[in-house]
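Enquirer: So you can see what is in the structure, the chains are spelled out below.
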Amino acid sequence: AQSVTQLDSHVSVSEGTPVLLRCNYSSSYSPSLFWYVQHPNKGLQLLLKYTSAATLVKGINGFEAEFKKSETSFHLTKPSAHMSDAAEYFCVVTRGYGKLTFGQGTILTVHP
Amino acid sequence: DVKVTQSSRYLVKRTGEKVFLECVQDMDHENMFWYRQDPGLGLRLIYFSYDVKMKEKGDIPEGYSVSREKKERFSLILESASTNQTSMYLCASSTYWGRQNEKLFFGSGTQLSVL
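Chains as they are written, first to last, in the numbering used here: chain A, 411 to 522; chain B, 449 to 563.
Keep in mind that the hints were calculated from the coordinates and are not lab data.
Ideal Cβ positions, reconstructed from N, Cα and C, are used throughout, including at glycine.
Check the hints yourself; a few may be wrong.
Derived pair list, reagent style EDC-like, types lysine to aspartate or glutamate, alpha-carbon separation capped at 16 Å [said to hold, decoys possible]:
| id | chain 1 | residue 1 | chain 2 | residue 2 |
| --- | --- | --- | --- | --- |
| 1 | A | Lys-509 | B | Asp-507 |
| 2 | A | Lys-509 | B | Glu-504 |
| 3 | B | Lys-519 | B | Glu-470 |
| 4 | B | Lys-518 | B | Glu-465 |
| 5 | B | Lys-451 | B | Glu-478 |
| 6 | B | Lys-503 | B | Asp-474 |
| 7 | A | Lys-509 | B | Glu-478 |
| 8 | A | Lys-509 | B | Asp-499 |
| 9 | B | Lys-503 | B | Asp-486 |
| 10 | A | Lys-452 | A | Glu-425 |
| 11 | B | Lys-501 | B | Asp-486 |
Listed next, the stretches of chain A that the computed footprint assigns to chain B, with coverage defined by at least 3 CB atoms under 8 Å from CB atoms of chain B [stated by the list, open to error]:
| id | region |
| --- | --- |
| 12 | 418-429 |
| 13 | 486-494 |
One chain only, chain A, in its complex shape:
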């Protein structure tokens, strides 16, 4: 069975400092993994996806994630946080055909 665990329910950073949102996955085969972002009162937006090509995946708005099979991790990073990055972030694994399993979510707060 496929599952993901987001290790932090809340992360707080200062504007201009790095962002790290942690995600571990469990999968019986090579997974496809995603990060989605949800801004307040907005729909979910795909940030980036990993589908067994390059292990370092670049997404929108300066985010990237690295797939590490040995650590079963898919952490999301950004070198410098911006106020507009404040949102809830979801790590997601697919079971195929659009059946997604979501992590519990990490709320990112960015302080001025």
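Model the placement of chain B on the given structure of chain A, informed by the hints.
Expert: Using the frame of chain A, we list chain B on its own:
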């Protein structure tokens, strides 16, 4: 751009009422999905459909049913609403995909409160 439209942003219903949540997509996608979102639980799949008149149970189908009479429209039905169905409901759609093309398009959600 793909648009997935949910008919109501906020909905308040009473226990025992029959509730319909409507979702329409404008990109001729084969696949449509209903998820519910609860704090600390992420999103959980309720039902999905791969084609007109087809439906499959997701992870938490109890208390729900769905209808897909037309390709662009996917309805979620709460036969007898209960307070534990108070939640944010998200509809999504996608075209048939391979591993390299997996992407869901989500609506903005319907916040349902059952009193």
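Enquirer: Checked against the structure, which of the hints given earlier come out wrong?
Expert: When the structure is compared with the hints, numbers 4, 6, 9, 10, 11, 12 and 13 turn out to be violated.
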